[in-house]
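Let's have the full structure, built from the sequences with the hints guiding it.
So that you can map any letter, position 58 of the sequence shown is 305 in the working numbering, and since no number is skipped, the others follow by simple counting.
Treat each hint with caution, since some may be false.
[Said to hold, decoys possible] Heads up, simulated DSS-like pairs for lysine-lysine below, C-alpha to C-alpha not over 30 Å straight-line:
| hint | residue 1 | residue 2 |
| --- | --- | --- |
| 1 | 282 | 270 |
| 2 | 270 | 287 |
| 3 | 270 | 286 |
[Stated by the list, open to error] Pairwise CB distance ranges, derived in the manner of DEER restraints:
| hint | residue 1 | residue 2 | range |
| --- | --- | --- | --- |
| 4 | 291 | 254 | 17 to 23 Å |
| 5 | 331 | 252 | 23 to 29 Å |
| 6 | 259 | 304 | 23 to 29 Å |
| 7 | 255 | 291 | 51 to 57 Å |
| 8 | 290 | 259 | 33 to 39 Å |
| 9 | 255 | 322 | 33 to 39 Å |
| 10 | 269 | 312 | 30 to 36 Å |
| 11 | 274 | 298 | 35 to 41 Å |
| 12 | 337 | 309 | 38 to 44 Å |
Everything labelled a hint here was simulated from the structure, so no lab data went into it.
No experiment lies behind these values; they were computed from the predicted model shown.
Each residue gets a CB set at the ideal place from its N, CA and C atoms; glycine is no exception.
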Amino acid sequence: MFLDLLFAPVLAPITGMNWIAGKILEQAEPQLNEKDNLKKQLLSLQLAFDMGDLPEAEFEQQEEELLLAIQAMDDAERAAAAAVEAQDIEAQSD
248 MFLDLLFAPV LAPITGMNWI AGKILEQAEP QLNEKDNLKK QLLSLQLAFD MGDLPEAEFE
308 QQEEELLLAI QAMDDAERAA AAAVEAQDIE AQSD
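Have a look at this one:
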């Protein structure tokens, strides 16, 4: 207990970064599963279109929706990575 208090000023930034990284990972894991599911849906959609089960107009509309959802997830991942990088830089400058 005493050592924890003694080393707190040194270890607090590291502990804080670990906590932030854990929270980001918690948020990223479900999104990765969602992203994989969207990619599977896109592949299934392409297969249905290739087999003639889906009209072109409907295929294009659904494909656009799926691609936009995947792009939004990619953008969110990039923003989270940039936030972590900014936190790293800020922690190093302190």
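Broken hints, by number: 4, 6, 8
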